[in-house]
Amino acid sequence: MQTGISEGLVELLRETGLHSSDFIDQILGTSTTEGTYHGVDGKEALRGIMQSLLMLCGSEAAAVDWLFHSVSYQQINGNYPYLALENGDFWSLTVLQDWLQIIVRHRASCPDLIAEIFQK
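The opening position of the sequence shown corresponds to residue -13 in the working numbering, with each subsequent residue numbered one higher.
Rather than coming from a laboratory, the hints here were simulated on the basis of the structure.
One or more of the hints may lead you astray.
Claimed, not checked - With a cut-off of at most 25 Å between alpha-carbon atoms, the simulated DMTMM-like pairs for lysine to aspartate or glutamate come out as follows: (1) 106 - 75; (2) 106 - 84; (3) 106 - 1.
Build the full structure now, drawing on both the sequences and the hints.
In structure tokens:
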């Protein structure tokens, strides 16, 4: 299933990730480095993550910023969200995707939580 995010969002994701390894390109299958992200399934998981973040954060720029610079997530977890993806594998993608999908599904019942974690 193709997840609906714009190519502009994908490019913003790549540009923001340039300070890191090429894990975004590895996930998207556009890297010359072999990754552990399971090809098409990993690509769709990343697209699902970004679609959820777009709904939670409100804009493409805010979604990418959250992935790379979320202070709220970092204060709770000790790391920024992208580090789990950069240093992880396919399962890191799916865990983050699943967590975000749960939050999206129940966002109406926890607007304060959404504001605190995703919109600061």
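Hint numbers contradicted by this structure: 1
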